[in-house]
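A.B. asks: Fit chain B to the supplied structure of chain A, relying on the hints for placement.
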Amino acid sequence: MPVFDAGEIASIRSRFPILSRTVHGKPLVYLDNAATSQMPESVIQAVSEFDRTRHANVHRGVHKLSQEATDVHEGSRDRLAKFLNARRREEIVLTKGATESINLVAHAWGRRNLRSGDVVLVSELEHHANIVPWQIVGSENGSIVVPIPALDDGSLDQDAFQKLLDGAKGPVKLLAVQHVSNALGTIHPVKEMVAAARSRGIATLVDGAQSVPHMPVDVQDLDCDFLAFSGHKMHGPTGTGVLYGRYEVLERLPPWMGGGDMIDKVSFSGTTFHEVPWRFEAGTPNFTGAAGFAAALDFLEEIGMDRIHAREAELVAFAHRELSGIPGLRILGTHPDKAGVVSFVMEGIHHYDAGMFLDQMGIAVRTGHHCAQPAMERYGVTGTIRASFAIFTTESEIEALAAGVRRVQKVLGG
Amino acid sequence: MSVIQEREDEIVEEFSMFDEWLDKYQHIIEMGQKLTGIDEAFRTDDYKVKGCQSQVWLQPGIENGVVVFKADSDAAITKGLVALMVRVLSGAPAKEIADAPLEFLERIGLREHLSPTRSNGLVSMVKQMKLYAAAYASQEAHHG
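Heads up: the sequence lines are chains A and B, in that order. The first sequence lines up with residues 1 to 414 when you count with the working numbering. The second sequence lines up with residues 1 to 144 when you count with the working numbering.
Treat the hints as calculated values from the structure; they're not laboratory data. Since the model is a prediction, treat every value here as computed from it, not as a measurement. Treat each hint with caution, since some may be false.
Said to hold, decoys possible - Examples of chain B residues lying across from chain A (beta carbon under 8 Å, computed):
| no. | residue |
| --- | --- |
| 1 | Trp21 |
| 2 | Leu22 |
| 3 | Gln26 |
| 4 | His27 |
| 5 | Gln33 |
| 6 | Thr36 |
| 7 | Gly37 |
| 8 | Asp74 |
| 9 | Ala75 |
| 10 | Ile77 |
Unchecked claim - Once the Cα atoms are required to be at most 30 Å apart in a straight line, the calculated DSS-like pairs of lysine-lysine come out as:
| no. | chain 1 | residue 1 | chain 2 | residue 2 |
| --- | --- | --- | --- | --- |
| 11 | B | Lys50 | B | Lys95 |
| 12 | A | Lys96 | A | Lys173 |
| 13 | B | Lys48 | B | Lys130 |
| 14 | B | Lys24 | A | Lys410 |
| 15 | B | Lys50 | B | Lys24 |
| 16 | A | Lys410 | B | Lys34 |
| 17 | B | Lys24 | A | Lys26 |
| 18 | B | Lys70 | B | Lys50 |
| 19 | A | Lys265 | A | Lys96 |
| 20 | B | Lys95 | B | Lys48 |
| 21 | B | Lys48 | B | Lys127 |
| 22 | A | Lys410 | B | Lys70 |
| 23 | A | Lys96 | B | Lys50 |
| 24 | A | Lys173 | A | Lys191 |
| 25 | B | Lys127 | B | Lys70 |
Ideal placement from N, C-alpha and C gives every residue a C-beta, glycine not left out.
Next up, chain B with everything else stripped away, as it sits in the complex:
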């Protein structure tokens, strides 16, 4: 099983405890509150992911040969969702990130947040994460 798959299953199990939408969202918001955020130097337009309503910043990097992400948002729910994506993707093998179908959002009833018409910036953030990982994976392939 892939690293990402394992993490997704863990999250699905975690969310299965919640029957009420409010509990689910409170959990998401709490995850956002625990997010370390990004380095201040990255809080610029260059690292801002375009979203209509809430803003998202993504700070990609390489640590010990793996792709790591830090991220932040100005809205609490979006920040929680951002934390969720960082938790699933950060530190996983680059090729896995690039290919991840991310079906867990559907399994925890949050798929609507990743629909392309959503104006929260999350779709663009995931796209950026995958692009970054794909670029790194192809670089790795070239240089062995």
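So here's chain A without its partners, still in its complex pose:
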């Protein structure tokens, strides 16, 4: 029994204006949702309505517009807290994306808590955004970034993980791990990994950039100290993102960036800081984006994260069937637990050439290393072709991809 009937999918598609455009004279087949997803009309409307009627700075003004803007902005924090099942709204720090969220932890938490020789445990499949900030902090305080090795099927080596947790490469102070691989789509058992780390008193950060948009994520259930994700990957506007932080942890952290809105009292003899979460939100925030982000959550919840997850699993299985029949094509990441990503390479064909040709056919895929060069190295490739799905993706779009791939092979003789 399919999760959605065809009429429902068609109705969902009709809510995305961009899906009706053509590319190089062909209907757009958008399969790059893991990079940036598309916005439904309701999100575009929420942003535009805010800009037309409430556009004013938040928190500071006593005038009506500012109050309304503050209500919308802080309202999105409430919506996010509910969406993640956070214990309190103060656990939601609004950022411009997952990258900023992770950098915030690296600078505010990492600089205070990491010492020379301490280990930040990441995975071999990590996005650069969850490697480089730790290396930057490590270059200052001598802490080191150690990867949990990945297995051939795209999962993480749990035995090696246990050994690393027990100090095989030095004392682990933080587990900073992705929930879902952006390059391969594997869903890692982060709940169990977080529990294993916490039982040893190790702090935990989950990069949820590829999980929060595609499945139910409950921070109390995950029990991590930090969770980072972006709005533009979940049908929201770009420049929106979240750092969830356990209240007791956030409360003890110093600010990272200084500026307006994050202070309590400023004088040249010393400054005291605002409470959590505003302490971490220096400067004028993206309130317009927050209006759209809240509308994106409405859209996702109206459909239901459980159903979205189930539907995308169907699409991944369908894509595996369609693509695995093509000679010379190899799918990277064959572990059964996968979110809406299928990554593959083609024998004798450069991913860039394949991407260029697919583009000419109206098919948008991602090619290259997906900001996960160590992962590419692990699988002995310089890059892959990645198709990534959303709730509006159809089986016929995946068939178009498979047909496109066959055509690329014919032309390039792979």
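C.D. replies: Same frame as chain A, but now just chain B:
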């Protein structure tokens, strides 16, 4: 008319035969296949032009007082485009190379490949070619 201009016009005429994008790209790929490539000694990081997705190697040299280029790429389309640039620029007077506006790419509908945000390494390669030619031209001017 400059040497480069003549070559560009020739390419524009050649491409005017193609109505279909696929034919155009197939022609580009064929040009890449005919490219002689670079000497193995030059296939190193020093001669690699930085590009995000496809790699390009550029081997500049001077033969009989003119700037000549050899180049290669690991991706077929990029290699074809590289061949196209070598065909237009290699062996032309150094000052002409340095000043070439290279408008032909627009005329054959391939301008997008030379936009600075493109990750194929072609923009950096052309920049390198021009820098090399400019350096040689100024050297020539000094030494007569």
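A.B. asks: Please check whether Trp21 (chain B) passes as an interface residue: C-beta within 8 Å of a C-beta belonging to chain A.
C.D. replies: Because about 5 Å separates Trp21 (chain B) from the closest Cβ in chain A, which is inside the 8 Å limit, the hint holds.
A.B. asks: Is the interface hint satisfied for Thr36 (chain B)? The criterion is a beta-carbon contact with chain A at less than 8 Å.
C.D. replies: Status violated, d = 19 Å.
A.B. asks: Within 30 Å, alpha carbon to alpha carbon, are Lys70 (chain B) and Lys50 (chain B)?
C.D. replies: 16 Å, holds
A.B. asks: CA of Lys173 (chain A) to CA of Lys191 (chain A), is that 30 Å or under?
C.D. replies: This hinted pair holds, its Cα atoms lying about 18 Å apart.
A.B. asks: Should the hint that Gln26 (chain B) touches chain A count as held when the rule is a Cβ pair under 8 Å?
C.D. replies: Constraint on Gln26 (chain B) satisfied, holds at 7 Å.
A.B. asks: Straight-line Cα separation of Lys410 (chain A) and Lys34 (chain B) no greater than 30 Å?
C.D. replies: Status holds; Cα separation ~19 Å.
A.B. asks: Does Asp74 (chain B) hold up as a contact with chain A if the rule is Cβ-Cβ below 8 Å?
C.D. replies: 6 Å, holds
A.B. asks: Does Lys130 (chain B) lie within 30 Å of Lys48 (chain B) when you go C-alpha to C-alpha?
C.D. replies: Roughly 16 Å between the alpha carbons, so the hint for Lys48 (chain B) and Lys130 (chain B) holds.
A.B. asks: Quick one, are Lys48 (chain B) and Lys127 (chain B) close enough, alpha carbons at most 30 Å?
C.D. replies: Distance ~13 Å between Lys48 (chain B) and Lys127 (chain B) Cα, so the pair holds.
A.B. asks: Tell me if His27 (chain B) is really an interface residue toward chain A, meaning its C-beta lies closer than 8 Å to one of theirs.
C.D. replies: 12 Å, violated
A.B. asks: Going straight from one Cα to the other, do Lys127 (chain B) and Lys70 (chain B) come out at no more than 30 Å?
C.D. replies: 15 Å, holds
A.B. asks: Going straight from one Cα to the other, do Lys24 (chain B) and Lys410 (chain A) come out at no more than 30 Å?
C.D. replies: Given pair Lys24 (chain B), Lys410 (chain A) holds - Cα atoms ~15 Å apart, limit 30 Å.
The structure does not agree with the numbered hints 4, 5, 6, 7 stated previously, though it agrees with the rest.
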